[in-house]
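J.: If you're matching them up, the sequences are chains G and L in order.
Everything in the first sequence is counted per the UniProt record's numbering, starting at 1 for the first residue and increasing by one.
Everything in the second sequence is counted per the UniProt record's numbering, starting at 1 for the first residue and increasing by one.
I should point out that these hints are in silico values taken from the structure, not numbers from a laboratory.
Take these hints with a grain of salt, some might be off.
Claimed, not checked - Stretches of chain L that chain G covers, calculated by requiring three or more beta carbons in the stretch to come under 8 Å of a beta carbon on chain G:
# : region
1 : 27-35
2 : 47-58
3 : 139-149
4 : 232-238
Claimed, not checked - Estimated spans, in silico, between C-beta atoms of each pair:
#  : chain 1 : residue 1 : chain 2 : residue 2 : range
5  : L       : Thr286    : G       : Arg157    : 20 to 26 Å
6  : L       : Pro212    : G       : Gly273    : 20 to 26 Å
7  : L       : Thr286    : G       : Ala168    : 33 to 39 Å
8  : G       : Ala17     : L       : Ala224    : 32 to 38 Å
9  : G       : Thr152    : L       : Pro289    : 31 to 37 Å
10 : L       : Gly304    : G       : Gly273    : 33 to 39 Å
The C-beta atom is built at its ideal place from N, Cα and C for all residues, glycine as well.
Number of protein chains: 2
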Amino acid sequence: MTTFHPAPEALLPAAAAGVSRHVVVAPGMCSGGSLVFGRIGDWTWEVVAESCRINVHAARTAAGDPAYLSFYYFHVRGGDVVHPHGLTFGDELRVDSRSFRFGSQSVITLHRLAPAGLELPAGPLDPAEVYENPHPHCLYAENFNRWIARTTAGSNRDLAQVTPPDFAYQELAPLPNAYSPRSLVGRARATGSFHPEGPPGFHEAGQPVTFPYTLDVVRDLNGAGLMYFASYFAVFDTMLLRLWRSLGRTDEQFLRRKVTDQKIGYFGNADPGTGFTVTVRRWRSTASPDVEVADMALRDSATGRLIAVTAIETETEAAGAS
Amino acid sequence: MTTFHPAPEALLPAAAAGVSRHVVVAPGMCSGGSLVFGRIGDWTWEVVAESCRINVHAARTAAGDPAYLSFYYFHVRGGDVVHPHGLTFGDELRVDSRSFRFGSQSVITLHRLAPAGLELPAGPLDPAEVYENPHPHCLYAENFNRWIARTTAGSNRDLAQVTPPDFAYQELAPLPNAYSPRSLVGRARATGSFHPEGPPGFHEAGQPVTFPYTLDVVRDLNGAGLMYFASYFAVFDTMLLRLWRSLGRTDEQFLRRKVTDQKIGYFGNADPGTGFTVTVRRWRSTASPDVEVADMALRDSATGRLIAVTAIETETEAAGAS
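Using the sequences and the hints given, assemble the complete structure.
T.: Pasting the structure below:
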């Protein structure tokens with residue numbers, strides 16, 4: 001009988017310098033809604049657990065209440081070989097991941113998903129590569145996580161920032177200030193958009209549209225009863241599909257879409273029964289008409305409270321001139 | 001930098017006797033639709049790959065076309081400690097898995113998910129434990145997989161059974177005939193129900209109801225463009241939730257449901273755009289009114305073709321007398 005155990009001794013040395021793994025893509029980590037984003041998020045939790053010597057999966061506040069390493073900002077960039085909706089089973093990847101110090105209540109984790117066998121720089125994942133000099137074949141992900149706790153038992157509203165006492169972030173390398181996503185995310189939270197004035201080099205295509213969405217009790221909640229960070233990707237993709245259908249595009253075009261960049265800012269959570277209103281704007285690149293950005297804001301319909309914001313840059317294949 | 005590699009040499013000896021692993025439950029393997037079922041299915045593929053020395057994730061027919069180790073029957077039994085919708089992050093499990101010989105085109109894989117630290121029999125997972133003497137705390141899963149291939153490129157209809165030439169099933173222990181699910185599954189396929197006459201000791205509660213469902217292009221397809229086996233759980237749960245709401249039950253009751261037994265038979269696949277009709281019947285235990293069975297058949301609305309059948313046994317908490 002074979003026993004799988006990540007040998008503990010193999011994880012300890014210099015975990016703060018990152019983790020590298022060989023991954024064979026399985027059905028549970030591609031398509032199926034937002035499985036690839038869920039898996040990347042699980043890797044973030046693992047790397048933070050190893051780097052900061054904390055039981056991330058069962059963390060507690062100083063008062064003993066459950067603390068969650070929530071996703072506050074998820075940024076992914078698709079490469080020309082590895083991109084989020086282009087994976088299929090059997091694809092082999094090398095995944096390098098590393099967490100960076102970002103204050104006492106939060107942490108930044110970077111991932112590079114490379115085709116296995118690609119020649120890559122030696123040593124731990126360098127933020128300069130991720131932010132300034134990405135390899136064109138690779139998918140990169142940036143996760144900005146904050147520790148939160150419920151302020152009212154059983155309610156997903158009014159979550160508060162906390163610092164679990166055993167979050168040993170001090171040994172992490174700091175994220176260079178130039179790469180901090182704080183102001184980008186703060187602006188998206190304040191304005192309800194990652195592109196309040198539109199992306200440079202793009203022109204708005206059509207009028208903004210608004211779609212309703214109701215929290216899916218079966219699919220949108222995680223094991224702690226909170227709205228699941230990966231589900232936000234599926235919710236926004238559901239809106240993107242509605243938009244594309246309204247433009248006469250086919251489901252097959254949607255399924256073949258290539259996401260070159262997607263950002264989500266998570267600014268609220270929600271309880272079962274919540275109805276949302278999603279406002280969608282669309283821009284098209286002036287130079288490359290097959291490149292589009294869809295910008296969406298998800299709000300609680302009853303209160304107008306901003307729950308999340310996304311910007312999705314796609315290369316649309318044969319999208320036509322609509 | 002830490003490198004995660006399942007050391008190949010650790011997997012080779014006696015893989016046919018099974019695999020045991022320690023698992024810390026992550027967000028990506030609980031709730032969120034059907035993540036736990038997706039993860040169990042991924043373990044099935046891994047165990048078959050190791051036991052039969054075949055690249056399951058990128059398998060090919062003799063003609064060189066993609067072959068998929070499809071799920072034909074998925075049976076899960078919930079225990080009083082570990083049950084499918086009762087997992088949350090940080091739960092620690094010991095998972096034992098083992099594949100069994102079941103002809104040249106199919107394979108049976110059994111899994112036991114036990115609370116970590118539970119005292120368990122030594123040695124490889126014994127089918128007699130799974131089928132006759134399950135530990136009351138554990139979740140057991142039985143996966144009956146068949147090799148299939150598309151007969152028309154790009155179409156999810158008319159999938160054919162195949163035998164990949166490098167499927168080395170001969171070294172697997174055979175599944176004792178007494179445990180074969182073939183006749184159970186064959187009857188479900190022929191009658192459209194796992195309980196054509198109702199489960200013994202149960203009486204039918206209410207009239208059968210019928211719900212429409214449309215294939216969810218965002219969430220229901222896998223990385224090969226086929227309807228994802230784990231999504232069938234989410235689809236049937238969506239119908240169960242509609243049924244429960246129609247009975248005046250709350251979303252909170254639904255989220256707290258305990259599934260003690262669920263079977264799915266997969267008899268067809270479907271293309272994007274397919275509309276389904278789901279017929280739901282409900283039985284209540286005569287001796288224990290909080291125990292119910294919901295039996296559902298999912299059919300292609302246009303053709304009436306049977307796509308899948310499920311039976312879900314739940315213990316409903318404070319379900320009332322409806």
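J.: Take the hints in turn and mark each one as holding or not.
T.: Hint by hint, here is what the structure shows:
1. 27-35: holds (count 8)
2. 47-58: holds (count 4)
3. 139-149: violated (count 0)
4. 232-238: Per the Cβ count (3), the hint holds.
5. Thr286/L with Arg157/G: 20 to 26 Å: violated, 43 Å
6. Pro212/L with Gly273/G: 20 to 26 Å: holds, 22 Å
7. Thr286/L with Ala168/G: 33 to 39 Å: Between Thr286/L and Ala168/G, where Cβ atoms are some 57 Å apart, the hint is violated.
8. Ala17/G with Ala224/L: 32 to 38 Å: Holds: the Cβ-Cβ distance is about 36 Å, inside 32 to 38 Å.
9. Thr152/G with Pro289/L: 31 to 37 Å: holds, 33 Å
10. Gly304/L with Gly273/G: 33 to 39 Å: holds, 35 Å
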